[in-house]
Structures are given as structure tokens and as C-alpha cells.
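So the sequences go chain by chain: X and Z.
What the first sequence shows, in my numbering, is residues 1 to 614, in sequence order.
What the second sequence shows, in my numbering, is residues 1001 to 1428, in sequence order.
Calculated directly from the structure, the hints in this document are not laboratory data.
There's no promise every hint is true.
Unchecked claim - Computed footprint of chain Z on chain X; a stretch qualifies when at least three of its residues, placed anywhere within it, have a C-beta under 8 Å from a C-beta of chain Z:
| no. | segment |
| --- | --- |
| 1 | 547-561 |
| 2 | 576-588 |
Said to hold, decoys possible - The following label-pair restraints were derived from C-beta to C-beta distances:
| no. | chain 1 | residue 1 | chain 2 | residue 2 | range |
| --- | --- | --- | --- | --- | --- |
| 3 | Z | Arg1258 | X | Lys578 | 29 to 35 Å |
| 4 | Z | Gly1259 | X | Arg527 | 22 to 28 Å |
| 5 | Z | Ala1386 | X | Lys578 | 41 to 47 Å |
Where a beta carbon is used, it is the ideal one built from N, C-alpha and C, also for glycine.
Take a look at the letters that make up each chain.
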Amino acid sequence: MSSAPQAPGVDQALIRNFCIIAHIDHGKSTLADRMLGVTGVVEARNMRAQYLDRMDIERERGITIKAQNVRLPWKADDGRDYVLHLIDTPGHVDFTYEVSRSLAACEGAVLLVDAAQGIEAQTLANLYLAIENDLTIIPVLNKIDLPAAQPEKYAEEIAQIIGCEPSDVLRVSGKTGVGVPELLNEVVRKVPPPAGDPNAPARAMIFDSVYDIYRGVITYVRVIDGSITTRDRCLMMSTGAAHETLEVGVISPEPVVTGSLSAGEVGYVIPGVKDVRQARVGDTMTSARRPATEMLGGYRDPLPMVYSGLYPIDGSEYPALREALDKLQLNDAALTFEPETSAALGFGFRCGFLGLLHLEIVRERLEREFGLTLISTAPNVVYRVVMEDLTEHTVTNPSDWPSGKISEVYEPIVNAMVLLPTDFVGAVMELCQSRRGVLKGMDYLAADRVELKYTMPLGEIIFDFFDALKSRTRGYASLDYDPAGESQSDLVKVDILLQGETVDAFSAIVHKDKAYAYGVSMTGKLRELIPRQQFEVPIQAAIGSRIIARENIRAIRKDVLAKCYGGDITRKRKLLEKQKEGKKRMKTIGRVEVPQEAFIAALSNDASKSNRSG
Amino acid sequence: MPITWIGEAGHPAGGRTLEDMSAKPPEGQSPPADGTLPAAALAELPRHAFGIYIHVPYCATRCGYCDFNTYTAAELGGGASAATFATTASAEIRLAARVLGPGAPAVDTVFFGGGTPTLLPPADLAALVCAVDDAFGLRPGAEVTTEANPESVDAAALEQLRAAGLTRVSFGMQSARPHVLAALDRQHTPGRLPDVVDWARKAGFEQVSVDLIYGAPGESERDWAASLDAAVDLAPDHVSAYALTVEEGTKLARRVRRGELLETDDDQLADRYIQADETLQAAGLAAYEVSNWASGPEAWCRHNMGYWRGATWWGIGPGAHSHVGGVRWWNVRHPTEYTQRLRAGQSPAQARETVSPADRHVERVMLGVRLAEGLPVVELTPGGLAAVDDLVASGLADPAGLAAGRISLTRQGRLLTDTVVRALLPDL
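Bound-form chain Z, shown alone:
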């Protein structure tokens, strides 16, 4: 089976909605070759949780809705194949330790995303967990997650991963309906899910999550209900559900344009979201973020919480994004260039931006309101504060949350998060 490379970090083949993914990386300043960070950014390290994201840029096949550049392993060359990935990525982990220096805290979370991380042998993931531990130390009770395509793991592999220190697995389920999986070009069959979840439980994973996609062309309300029911039947600790975005340049977009497939409209997507929220809530899974549900705070994905709470994270791998104390940067996208940079002892960062205090506030509001825990109203500017009553009155913000001093969104508010964010940032 040819291995293909998925050109951007943070987006698992596990099937997230791919909104904005075709977009090129943002413009930024060029970073120093050794990756050195400003002292002001480093000074913030002790104040935040620390996560490591590891982007594994390979897929067995390409999904029809995915608009990444893909390359076969043979095309990559230059030592950028899956076989050498663990070695190269370990080099970036050591570089991270050098850049962050002695002030670096121990690591709270590790997250393997892709691509399809489980295309790598479990031993490679194990080696990378070790590399993180060696470089920074893994905090006791650290959360170590991998995404996994149902067809890419078996009982033995899951046992090996658990033994290597992984604590959490997130399966790319997407749908329980074969024709929806076919529309998405997914390779697994619905019957695979109960098996892989069962194996993961038996292997001793503390948290099991499934990813779902709704709004695929041809998916009916009943199809979606069937998928939600099937997901609930797996008794997962955590569910992510994303609306499918038809991206230009994908096979899916071509088929929609030719009229072979009908795109789901926004109102239907809103209906699907409500359907998901109701079903999952009834099953004891509460939305703790716009697109994420969990059986309780202990089942929240702590790694992802770091993104929404403005924590420190270092993204390892081609195209991966990082954030330290208001400095954001992103790596070169091509695995070959990524590998060459690290072999030359250089930082693989392509560009960086130093987020201004005003923009940090924008990010804080933009991310904070996505969470059920909400955004403390004290963080708002006077202009933003003035919009709060209106948000409550129009049913977007929860009055109980406000009484507790936080802006947390109702279901209707979650559907209109951008509207809420704009209202809270009148000075943007």
C-alpha cells in the first residue's frame, strides 16, 4: 500500500471538517535559523500547561473531502519517508528542549495527529513518547493521545501503544452508514468500530473518543441519527462531531459541482448539530466545546483544552503550529524540506508572528467563548461588556453563566459563535 503524505498539521485523516485547510499558512516574519524565542515569551512558560503535538504526515489513501497535497513515500525521498519520521521528529523534540531551555516545564499532554499516526509502527510512536520524556519529562498522569483510523489498528497494536505510555485514543469513525463513508472515501466498514473500541478498552486505554462527520452529501437526518446512536452505543468517553465543509479543489467539490452530489445547506447543518447535541446529551455526554462532547471534565481532551485556554504547545512535524507566550510559528510544510532543515541542525520553522496584546485579547475571546466553562466577563473590554446583555437577551449567552461572571454560550449561541465573538470585540 503506498503511503501518502498529508501536507498540513493538526488535521487527522480521522476526518475533521476541513474548513480553511486549503488556505496557505498565514503571512509571518521569518524566524531565526536556530529557532530562538524572545525572553518575554519564555518568561511565560511557568504560567501555562505544556503540550506537545506531533504531526504524522502520512496516509494510506486520500479521502475525497481532503484537500491536502499528498505525495507518495517514493516521491518524498530525501529521507523524508515514514520509516525515518521518528528519527527526524525526535531531532525537533531535542531542538525544542534547547530553545525552551532549563525553564521548560514538564509535559502535561502529548497528541499524535495527522495524517494517520497509526500508520507508523507502534514502536515509532513509543520512541517519540520516550523522546519527549527524555527532553522535558512527562508529568505523572500526563495525557498521551493518538488519533487512529479504525482500519489501521488491531488489538495487538493497541496493546503495544498502551504499553508505550499512550493513555487516550481517538478513532475516526465519521459515520455508521456505509453510503456516507463511501461519499467520504473512507476505507473502513461500520462494523469495525465496536471491535476497535473493545480492543482499546481491553488494552487499558483510559479515554476512548470517536470522531464523527455530519452533513456529507447524501446523508439524511436518519443516517445521522443512526451514526449518533452507533457512537453512543460504543459508550465513548468523548465524541467530536464536525460539519463537513466542501473544499475547493477536492474530489468531493468536483462531484458537487457536477451535480453528482448535493451539498448540505446551512440550515440542515444547524439541524444536524442540534440533533447531535440532543442525542449526546441524552447519553450523558455534555458539550464542553462547540464541537466536542465528554462524559465529564476528566474526559475533556486536556491537550485540546490547551489550545483554547492559550497554553504553551510545541508542534512537531511538517506544517505543525506552535505557541509560546504570544509567539506563534509554523513549520515548513513539505516533509523533505522539514527533514533537510533538521538534518542541517536548523529550526524547521517557516514563519512566526508575535501576537500583539490587542490580538491576544482577540484570541482569548475567540477561543474562550467556544468552551462551556466560558470566558470571564472581567476579561472583556468596556465595549465588549456593553454587548453582553444583548447576547443574553437574544438567547446566545447563558444567563446562569453570566450570573457566575462568565460568558458561556447556549446551544443557539454555539451555532453562532462568530456572531458572538464579533459582538464581544467591537474594537477589533
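This is chain X alone, in the form it adopts within the complex:
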């Protein structure tokens, strides 16, 4: 990291901290890139697309997973030199908590909406979050250069949602740069300067924490009161642990060492720890020498909402998987994992995730960055099972479902918000109803756009809900949800048996009314996927000892009727070797040989590929 003459202690009156709230594809990263160019911190020739999205996966998918921040010097139209901090927010439902911490680091938010598409559920959810955080909202329509842009229509819509005049909605094009300087001037004018106490004991909020193999953990902080300097050890208020303050600086957009950050400023602190769990997002950092007494509000431990078993397809990669998970956890305080053994899949890990996207990102990083090939079991949520003897079980894995007399089962519930064109309301209501949704409200955002509010079990959302929603609305609906406690439900565990043996990997916890459908679909799938054996193989679905669905794989009757003459021998031998190789990749359940592909195909429910643009 270079050291540069950035004077510490910028006057708070000249600081503006803001973020951009936008839906994926609405051009947030392009606009952020344009701001880097307009303010001169990145020269045009060094510009690469989406400068702030650093991870490969983010760049490829065009989404932001980890928040980034950047300091932008800006001479406003009042002739004064300001310091703007742009705090980039993650853009997905799984990362609501991280979003809320990023928002808490700002005084203002640019609400960025695609002028050709209008506002989406995700944006709306984050907008509400920003309003709750008392942020000043600056409404902006982006992509006004597009032929399909309808700025009048969507300015109207935004005005109605946030309660302003349509004429207050700025119009920009991140692509051409039109309107960007005006937007920055508006940020200076509208967003209030920070108002912390520069002389109070230091309090800085960690809004992001990343692990770097060379530097250890790097935290991104917003200083509220006092200042953080390398002269003092820093103290994490949630754990009470003090650490060396190795380096303090700002990002502009490369790291620049400043030695200290004072009230109102945004920058980075390297606290000399090896694991992001020692410097968690949302925690308050203070000075060990003169510690603050009260934490900033809003901190909470990240809680996994969705669990799935991850298994290496090649069993010998198990140690490598453990090592990889250990490494990812350094950078991902929300990821949990513990070893798990499956009769069908061998050794693996039960992993906890914030949501499906989080699951998919972790899985993708494991495969891409660590070269592993994985199979993941169907995701499930966390259930609370109360037995008749009033003992309680927390079930994160269908295998742990208790076998005794169950009195009550509770499952997590979410408040879901669906934004959609009015044409599809019927179809979506039907879908939500079929997923045990309870309608809580319906608001017209515009003549042709509706916001539906439902409470729904999270377990229903993680099971291919995104796909179903998209196919019923031709991709026009968007979804967001927030945890909303738990509710008692009629849930049962459905087991799948091959020749009478339970295949743990296929057990699922489903609502009583859906058990039959699950059983029929899974037994049917397996009948297609499992090759015929020398004997008949019954495939059954059962709740406890009650069989609810059954299929049969008939015994194989012939595997050879071809000739084998002189010219066929070498080929036949090689074919045999290949078959043998294939057999080695088979898992044996009882006497039944099941190819790994069958597990993969049977387990790849639609949910695992559905969340790319939730």
C-alpha cells in the first residue's frame, strides 16, 4: 500500500458519506465507475469496467457481494473542495444485514433506478432500510440514453414511493456520463455532513471485513466519534479484545495510508487479526487507550438461515474441502460448517448459509478457487422440534429429525415482498398460496405495478420459488424477504428407501400436504436415474414406517448380445475397463449400486440454480 499525503482530520462539514441503492443490472457499478472518472481518482486509461467489484464472481455476475468504499475529492459548484465517500452496498437479499451496516455508515443514499425498467423489489426493500436509517434519499433515473427509457413514467413512480415531485428525480447515464457531475453536486447539497463528536472516545463502525492473505483481516470502517490512529491499539467492543492497529488509511480507489481516520471519515483499518470473526461486520471499534463505553447500535451475530451438506465427489478431496472451508471462513463470518457423514455421499460438511445465493457463491468459490468438485444436498432451513416430553431439538439436517413422539414443529417464516406488473397478480397469488403464503397486503406503486406482501415459510422460498416466480411472470417479478420469526407447522420427514434402506441424502422435511408429491417425484426421478440391477429394486417414499409412494426398477435381463470377434477384442476390453471405472464411482446402498450422477441429478433441484437474479 502506498503512503500518500492525505491530511488526516478532514473537516466534517466538508464530508459527504453516501451509498447507491439499486437493483442488479440497473447500472450501479457503471455509475460508480463513472464517478471515479469524473472526480479524477481513476484516469480514463486505467479504467476497467466495474472497478469497485473486486471479486471475479462479482464481476462475472455483475453483482456486488462484499461492500467496497472509495474516497472521491470533489470541487462542488459552490467552489469548495469536498470529500465524498461512496460506500458500495451488496445487492442481494441474503446480505440484508451487510446492507444495513453499509447504510448505517452513510448519511445519504442515491436511489438508482433503471429508466427502462422501474423500481424492483430488492431496491424497494433497501430503500425502506435506508429510510429507517434516516438517510437522505436522492432519487435518480439511470440509463436515460436507452431508447426504451421511460423517464417520465418511472419518475412518477419514484415520486409516489418516496414522496417527492417527479421533477426532483435526477436523470443520468452512467454509460455516457450525462448528469453525473450534477448528481455529485446534489449529493453535496442534500446529504447532511456527519455530526459526530471529534473529541469523544473513538467509535468506528465496521461495515465490512475481508481477509487478505498478506495483511490478515482488513476492516472497512466509518468513524462516528473521535479518531482511530495507528498510535493506539484498537478494541472490538463486542468481544472486548484489543488488537494492534497496524495500518489506517483510505481507499481512493487504491489504498492510501493516512495513519488515522477522524470523525465522519470512511476508510480502512488493519487490526492485525487472522480471522474475520475477530472483526465482525457491525461491531464497534474503539481505542484501547481511551475506550468508548457504549457500542453503536445495530450489531448482531450473523445467523445461518439455510443449511446444506457439501460433499466432494471424489472422497479423497475431503481434507482439501476442509482446508478450503477454513480459508473461506476467514473471509466470511456468516459461513458455518461442521463435519457430517452420509451413508450415500461419504464424508462432507453440513454448512450454514445466510441464504441460497450465499450457498451458491460459497460453492462456486470452492469449486473455482480451490478446484474441488462438489455435490450439495437439497438445502433446508432450521426447524425447532418440541417433543411430547417437552424436550426440544434444533434440526438443521433431515437426518437429525427426532424419531420419538413429536408434539410441535416450528419453522422460520419470512415477510416476502413481490413487485410485479398487475397482469401477473393472479398467477403470483396462486403460486404464493401454493407455497403456504399468507397475503398481508397489496399496494399499487403505479397503475400497472403492484407490491404484494406475504408471510411465507422460508423453507418454501428456498425450494425453487424464484424459478417458479420467474416462469409465471416471464421474468418481470422481483422478490425480497426478511426473517419474521417462526411459526408452528405440520411438517413431516419423508425418507426415500432403496430396497428397504434409507438413503439419507434424499430425506427431506416437507409440509404434510406436500409429502406425497415429494415422494412421487423423488421415487420417479430415481427410477429413471438408477440403472437396472441384477435384481428388482423397490424405491419407496415413507413417513416413518408408512409408505406413501413406490416405484420399481425391474431387474436387468441382458447386458450383452453382441458378437465378439477378432477385431472387437481390444475395444471390448477397453469398454470393460471403462465400465469398471464407472463402477468405482458408484455408491452402494445396501446391495444397490447407484451412480454418483444419479445423486447429483436427483439432488439438483431447481432451487440450486434459481437465485442468480433473485
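Mind docking chain Z on chain X? Use the hints.
Coordinates of chain Z only, in the frame set by chain X:
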């Protein structure tokens, strides 16, 4: 009539099931230009019977289920036409004699396959039999077979072939039902078979065999019964029956894909096999190999037995495969290149492999269990031996055979030969 070339050896237009035939030749090492073999391989020569296979790569027309590359004679050029085939093939026979050297045994069997060998004038086949005799000597009582399409021979041709020293003829009958023959694109009519068999008998052939195909799209159980009955009525010494495999890239595969024809499923094929075995057995023809039936050991195809017992054979002709003492090789596939190589005095071998001792064991088991005579249990590894009881218990291996120290398969076992082979080769 244009003559087309069939690009791979060992697969008669006489209509064998064409499983795996679309596959390219296996990967192998490149052989020396003069075809020299390692001394260790040559040292095994005295221990085995010796067969010569001659692949005649021409067909009059192409059958709809056949996925070979075909070329018209005009396209071949370079002296690779049917007219010069006997000359070129004779050159390879002489090369074989040079490579095998003075240790080469006399020849036990000769087999003309294709393609359609009977598209060549009988005099050409006669010349090739002479070339073999000149090069190695034909053992007294040698078996000399040709495959023949019923429409490609008449009484006179069969007499000439018999006179040239052929002892055995195998007719590509395929089916007795016209609509099945049509589905297979076969040119002959069912009525042709009694005639050609009669002519062959009159000409004095010692053994007459017919080939059948079952499981063609549109073939019913009754159609197959009719074909089996018709075959039995011919009183052949030998019958081969193969399940049709629909190969990608064939006209047949396209028609199946378009839904014009319905593919026969595996269970139906198993039924057809049982039907064949029952009918042929009732007619006094016993299965001596998975797909071959004979009236007695004297009617077994001795040439093919050589393949299954690991004997020595040299395959003459484009794409033909050979085996000498654990070395396998195969010739270049294109007749033009084949011809050019021989004219330049070079071996036409494209690639070869030296089969490792472990792989020779695999081959031994894989081929041995196909035969009714079975595989001696003493040849099994301890791991393979451990699987034997289970094979008997599950009805795949014959307990009587085991009592005599051999693994021989029941009918159910023959249908599941691959399963048996995998069980007997746990260390593969």
C-alpha cells in the same frame, strides 16, 4: 452395379449386430514399417492354432443399419478396387510369412469376411486360398469359410468355391420376413435361402451356416419365430443370431429418431434371445457361444473359436485385426492407403498394442466365459474365485460346469455376460 467399400474388417454385410463398429480403432503404439514382431510373441506360435482372416471390403449396396464409411470403386482409385484386391491381399499374405518366419505353423483355418467376399469372382478367392497355402501350407482338414450374401451367389459360383478348397459357407439370411429385410435394407428375398443352401449342399460344402438378426424395428415375436423356423427348416449345421444395435449415424438411427421406426427395448431383446435359444435347441442346435449355435462340436466355427481361445490369427485386408502371442495390431482402414503401403513393401499395420499379462487375463476371462466349454476356474485370480459361488447362486453360472472345474454360463448368464465378467475380474 457400383461396388462400395466397407471400411472395417470382421463385420460381414451378412448382417452381424454392429455394436461398437462405429467406434474408431483403439489407440495404440505405432508399429515398425516392416511389421516385425517381438521374439517373445513369435515364441508363442507353436502353442496355438493359426487362422487367417481375409477382409474383403466391398459391398454392392449399403445396408441401412450399417454405419461404415463406404466408397464406390471409382472413388477408391490408386489400384484399390475390387479387381486388384486379390493381388494386394496376396502381398500381405507373403508379408505375414516373412514376419512370422520359419516358426510359423501350418494354417488351420481361413475365413473370408467383409464386406461381401462373394462379390469377388470365385477365382480371386481361389487365388487367395492358394496364396495362403503357398505361404504357410494349409493343414489337412483345414476349415476354409466364406461369408456369402444370398443374392450374391448361384449354384455355379458355389461349385467353383468348393472346388477352390472352401469347406464352409455362412449365408447372411437375417430374417425370413420381407418387411424385416426391408427395414434392414437387405436385397434378397426370403425364398432365396432354400435355394442357396441346397446349392451349397450339392456343391459339397461340409458346413453350412446362416446368420440371423433379431430386434429390428417392426419385428414382432411372431416374425422372429417365423425366421427361426425358416432357418431350422434349412437344416443348417450352424446358426449365428445377433441382436440389432441401432448405431448413430446410420439411416436406421435417423429413422428411429424421426419416429418412423420403433427401437426394440432390452427386455424384448432378452425375450427374443430366449426364443432363439429354445427353438434352436429343440432343433438340435446347441449354443456353444453367446451368439452361436451348432449341431455338434464338429460344426463349431473353428476359426471363430480361435478368437475366443486366444489363438494366433493374422487379419489380411484394410482395417483387419491380428493377434500373435499377446501382440494385437490393426491395419489402416482405407483401401487406398492399404494398397499403397503394400506396394511400397511396407506393413499396412496402423497401430499395435502389446497386451500386458494382466490384460491378457482380462481377455481370457472375457472371451472364455462366452463359450459353452467355459473357463477353467484355475485360471481365475483369488478375487475372481471368490465371486464364483455367488454367480452359481444367482443362476448365472452352471453348477454342473463348476463341478467339472469350469465356469460355464446358463442362458440367463449368457444374457448377462458383462455382469459375469465384471464379477470375475474384481481386480480390473
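Outcome of the hint check:
no. : hint                             : result
1   : 547-561                          : holds (count 7)
2   : 576-588                          : holds (count 5)
3   : Z:Arg1258 / X:Lys578: 29 to 35 Å : 30 Å, holds
4   : Z:Gly1259 / X:Arg527: 22 to 28 Å : 24 Å, holds
5   : Z:Ala1386 / X:Lys578: 41 to 47 Å : 23 Å, violated
Checked against the numbered hints listed earlier, the structure breaks hint 5 alone; every other hint is satisfied.
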